[in-house]
Amino acid sequence: MIEYFVENASSFAGDIDNLFLVITLIIGFWFFLTFGILVYFIVKFRRKDGVKAKYFAGEKHSETKWTHYPHYAVIAMDVVIIAVNIMVWVNIKQTLPPRDNLVRVIGQQWTWSFIHAGPDGELDTPDDVATVNDLHLKLGDTYHFELQSRDVLHNFAVPAFRLRQDAVPGRTISGWFKPTKTGTYDLQCAEMCGYGHGIMGAAVTVHSAESYETTMAQIQNGTYESHYQKRMGTKTSLPSNTSQVDEEGSFAVLLASIF
Amino acid sequence: MSQAAAAVQTDTHAEHHEELSFLYKYILPVDHKIIGMQYIFTGMIMAIIGGYFAYAFRMQLAFPGELVPLYGLVGPGEYNMLVTNHGTIMIFWVAMPVLIAGFGNYLIPLMIGCDDMVFPRLNRLSYQIFLVSALVLIASFFVRGGGFGGAWTSYPPLSSVAEYSLTDWGASLWILAVALEFVSFLLGGINFVTTSMNARAPGMKMLDIPIAVWFIVVAVILFMASVGPLVAGAVMLFMDQRIGTTFFLPSGGGDPLLWQHLFWFFGHPEVYVVLLPTLGIVAEIITVFSRKKLFGYRTVLYTAFATGGLSFVVWAHHQFIAGIDPRMANVFTVTTVLISIPLAEMMFSYIATLYGGSIELKTPMLWALSFIAAFLIGGVTGIYLGASAMDVYFHDSYFVLAHFHYTFFPITIIGMFAALTYWFPKMFGRMMNETLGKIHFWGTFIPFNCIFLPLFFLGLAGQHRRIYNYEHFPDLATQELQNIRIFATVSLVVMLIFQLVFIYNFFVSMFKGKKAPNNPWNANTLEWTIPSPPQHGNFKDLPTVYRGPYEYSVPGREKDYWPQNEPPEEN
Amino acid sequence: MSMHGPIATHRSATGVPSGRLAIWWLLASEIFIFGGLVTCFVLFKLNGTPGFEDASLTSTAAGAINTFVLLTSSLSIVLAHAAIEKGDRVKSFRYIWYTIGGGVVFLGIKTYEYTGKIIHGHVITENLFWSFYYTMTGLHALHVIGGMVIMALISFDIRKGHNYQRVELIGIYWHFVDLVWIFLFPLLYIANF
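Chains as they are written, first to last, in this note's numbering: chain E, -19 to 239; chain B, 1400 to 1970; chain V, 11 to 203.
Hints in this document: simulated from the structure, not taken from any laboratory.
Hints should not be assumed to be uniformly reliable.
[Said to hold, decoys possible] Computed cross-link-like contacts, BS3-like style, restricted to lysine-lysine with a CA-CA straight-line distance of at most 27 angstroms:
#, chain 1, residue 1, chain 2, residue 2
1, E, 34, B, 1958
2, E, 32, B, 1432
3, B, 1837, E, 32
4, E, 28, B, 1837
5, B, 1958, B, 1761
6, B, 1913, B, 1837
7, E, 158, E, 210
8, E, 32, B, 1958
9, E, 24, E, 45
10, E, 24, B, 1432
11, E, 24, B, 1604
12, B, 1761, E, 28
13, B, 1604, E, 40
14, E, 28, B, 1911
15, E, 34, B, 1432
16, E, 28, B, 1432
17, B, 1432, E, 40
18, B, 1604, B, 1914
19, E, 24, B, 1761
20, B, 1604, E, 34
[Unchecked claim] Here are the computed distance ranges between Cβ atoms for each label pair:
#, chain 1, residue 1, chain 2, residue 2, range
21, E, 16, V, 185, 30 to 40 angstroms
22, B, 1447, V, 53, 21 to 31 angstroms
23, B, 1650, E, 210, 35 to 45 angstroms
24, B, 1447, V, 74, 38 to 48 angstroms
25, V, 58, E, 15, 30 to 40 angstroms
26, B, 1910, V, 53, 54 to 64 angstroms
27, B, 1917, E, 15, 56 to 66 angstroms
28, B, 1917, E, 49, 34 to 44 angstroms
29, B, 1917, E, -16, 15 to 25 angstroms
30, B, 1650, E, 16, 49 to 59 angstroms
31, V, 193, B, 1759, 54 to 64 angstroms
32, E, 100, V, 135, 52 to 62 angstroms
33, B, 1704, E, 8, 25 to 35 angstroms
34, B, 1730, V, 129, 23 to 33 angstroms
[Unchecked claim] A short, non-exhaustive set of chain E residues, derived as facing chain B with CB atoms under 8 angstroms:
#, residue
35, 130
36, 132
37, 207
Remember, it's a predicted structure, so these values are computed and weren't measured experimentally.
We put the beta carbon where it would ideally sit given N, CA and C, even for glycine.
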């Protein structure tokens, strides 16, 4: 379901989407069952003249089994959810697979800086490539990231990768991802960071190998055109004056355009 | 019976009282009923402010950059201030004062059959401190830099360093207001617990206490046990802000994550602090309007205890990706998913109460049933967020927002209207208009779902929180998503307009409504055995209790209810 | 026995008088407040945060004397309670004021300590240890002052023959204040543990 809204562009995005599906099936079953019974009881036991309500305390086993057994079933399904979840979590947050590439992500009020490791694969060496609000990645490389903040809490969030991680000042937090689809995606700051939190976006571009080399070269020789700037210019498809929408008339139109 | 109780004066409370002046009756009361109403009215006024803020920021989201009618321009700093204070106000200055301090104060002495709280003057002081806290918060909007804008969670270093937050005194007045509110509720809690434990009517055993009273008391205990570390944290935050200590600043050896732990150690039990009173109110209403004994009184009680206890070991699910050790996340994911279990059993018990009932869908019952329905959605969507890997995607997204509005809105707003429509006759001696009540109900409940159900989908689309204008995020700036935002905002405006129906009904009924009898709902609990509104001192003759509160439709009896204080029939 | 107040105040379904119940609940919430501060202190210390070796700079002698002073004042409030149980208002009044005197000595020593430290540059913002030192002892001192004020008011009340039960209640509170100090003393005055 998430794929309907957002690209699936990393190696673990599918795991998260599957987890979502598992949880949805389980809780969906419980929700519709419980909700259905609630509505059924409200309808079936409406007050009727001459019909008195039943009287029972819900203490005898013959009565409590109706809540106890579903209760055990809930426990069993919770265990399933926990198990699947932990498997996915361990993969994303507890393991660091061997890396093909490295990038340092620095958040500050209110910009993102990226230090790409360069051909030698190490940071803090002369061949590093630094950008602002533009992260460039090579398709299929397993990346480690070193996440830092210069001031307050920020959060390195790339919905297309299904990735979020808080950036904490005073620390470097490590993680990994592997881009699996070329394209340019939103990068967000997903932790309140003050006045400019709402403009603290960036662009993540996943390149094929040649496109990546070309882009890195352009950045270094000054011919690079920021993907971030380009996106901000053309991609906003909102009408600038939205006050034409009035509550009575366009309601049906709104509904139609959403679904 | 203990000796102390036997030595109680048998003369009534109302014997020697000069008529109190207006000042001492309404401004400086010690009467729990008036204090309760002070809390309720203050809470309702704060709800208007909190709702107004929501209107303003949702209008900005739907029509970015446009002047919001009846408000003005909502820029980035203004937006942050609005969302921060909307959340803060709704939790601390609406949910808690109305449900706990307001109805708790009004109902507890009545429902346990005594004439007031054990410490009436402490009760008055609690309200006064609460009022000051509200005024301090409102003052924070008018200082230079404006109101605090660092989100209701107030994470440092944003909240502790003025250069980062740009709301220097706003931030300090905000934390001061919150701290004062905590003190007020700590004091009030002493009254509630002591009164419920000690001042019960003779014959009222522990298992004869109405669930509403039990749950308010458990809530207050949870509050007292969880808020301490955050009071410490608030002192530390205030000092970081004003004196330059570095409790939460890494450059000074401090740790931003410490605040998060202190905040959420309180913050998670807090949601049960506000949930339990509403659950208690719902229990009273569904038993009365289905004429049925509560299913599994003891089970309901034990699940409340279990939920309350477990609530102390789930807090870090708010911090899965905050930089805590990832292995810790597994512990908290297990506890968080498990806490759904006692709560589910409680919901099943409530629904089982309806089985075989004789259900009358009067306005209070509509509210109580809609609470169960909406809270079911809130509850199940919490499972997604308790799963740590899922939270990697959903953290700080609109999915979280939709989840907690599907819990908080039923708790605060539906709970408030359920309680108000149910106990209005007792409080004001008149009946509310039933037709207007139903119109208000549907005009609130349907738009509520129209606001928040779509927000789940925005969360699925990766939309993050606390952003004043999604035009800056091309993947989120599509027409489809914007239409959802507009739809939600329009629904909010519709819902707000319907609240006028309630305001009209509430105030007109107060003066012109049909006079209410003692027991318009034919209920069992003790507050319905005395006149509406109750006289000073509550009970002309203090009651003795002979049975539990839910003896409805007892076979072999002519009446389908059996007040707790009616002596047993001689057979 | 007070004749004021509602009947609720005099009921006791649990057998424990409401005043005592209330004090225990108050203390429970206070334990969480001080417990929160103490836990944070300990966590920072265990984490190796710089500055916590400054516990060796606080005067162990002053801290020890203050511990003794508070313990003694706890004794005198117990004696005040014993006296009022027998109805001896005069003796109880005297012992309450001995307790208040103990509080004065405690605060005097703390003032001397604070002054000395501040003059030497150990201000609250110097490092996290000193931030905690002043915050924890400061909050504790506020509780001492509050206790002393309430104790004084109670002493005048019992001298007029009212509310004897409150001597025990303020005694319980004072023991708590004492107990908090007994936790603070080793944490703040003894560096290596």
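Evaluated hints:
no., hint, result
1, E:34 with B:1958, "holds, 14 angstroms"
2, E:32 with B:1432, "violated, 35 angstroms"
3, B:1837 with E:32, "holds, 25 angstroms"
4, E:28 with B:1837, "holds, 20 angstroms"
5, B:1958 with B:1761, "holds, 20 angstroms"
6, B:1913 with B:1837, "holds, 17 angstroms"
7, E:158 with E:210, "holds, 25 angstroms"
8, E:32 with B:1958, "holds, 10 angstroms"
9, E:24 with E:45, "holds, 21 angstroms"
10, E:24 with B:1432, "violated, 39 angstroms"
11, E:24 with B:1604, "violated, 35 angstroms"
12, B:1761 with E:28, "holds, 15 angstroms"
13, B:1604 with E:40, "holds, 21 angstroms"
14, E:28 with B:1911, "violated, 32 angstroms"
15, E:34 with B:1432, "violated, 35 angstroms"
16, E:28 with B:1432, "violated, 37 angstroms"
17, B:1432 with E:40, "violated, 39 angstroms"
18, B:1604 with B:1914, "violated, 34 angstroms"
19, E:24 with B:1761, "holds, 16 angstroms"
20, B:1604 with E:34, "holds, 25 angstroms"
21, E:16 with V:185: 30 to 40 angstroms, "violated, 58 angstroms"
22, B:1447 with V:53: 21 to 31 angstroms, "violated, 42 angstroms"
23, B:1650 with E:210: 35 to 45 angstroms, "holds, 37 angstroms"
24, B:1447 with V:74: 38 to 48 angstroms, "violated, 57 angstroms"
25, V:58 with E:15: 30 to 40 angstroms, "violated, 53 angstroms"
26, B:1910 with V:53: 54 to 64 angstroms, "holds, 58 angstroms"
27, B:1917 with E:15: 56 to 66 angstroms, "violated, 37 angstroms"
28, B:1917 with E:49: 34 to 44 angstroms, "holds, 42 angstroms"
29, B:1917 with E:-16: 15 to 25 angstroms, "violated, 57 angstroms"
30, B:1650 with E:16: 49 to 59 angstroms, "holds, 56 angstroms"
31, V:193 with B:1759: 54 to 64 angstroms, "holds, 57 angstroms"
32, E:100 with V:135: 52 to 62 angstroms, "violated, 44 angstroms"
33, B:1704 with E:8: 25 to 35 angstroms, "holds, 30 angstroms"
34, B:1730 with V:129: 23 to 33 angstroms, "violated, 48 angstroms"
35, 130, "violated, 11 angstroms"
36, 132, "holds, 4 angstroms"
37, 207, "violated, 11 angstroms"
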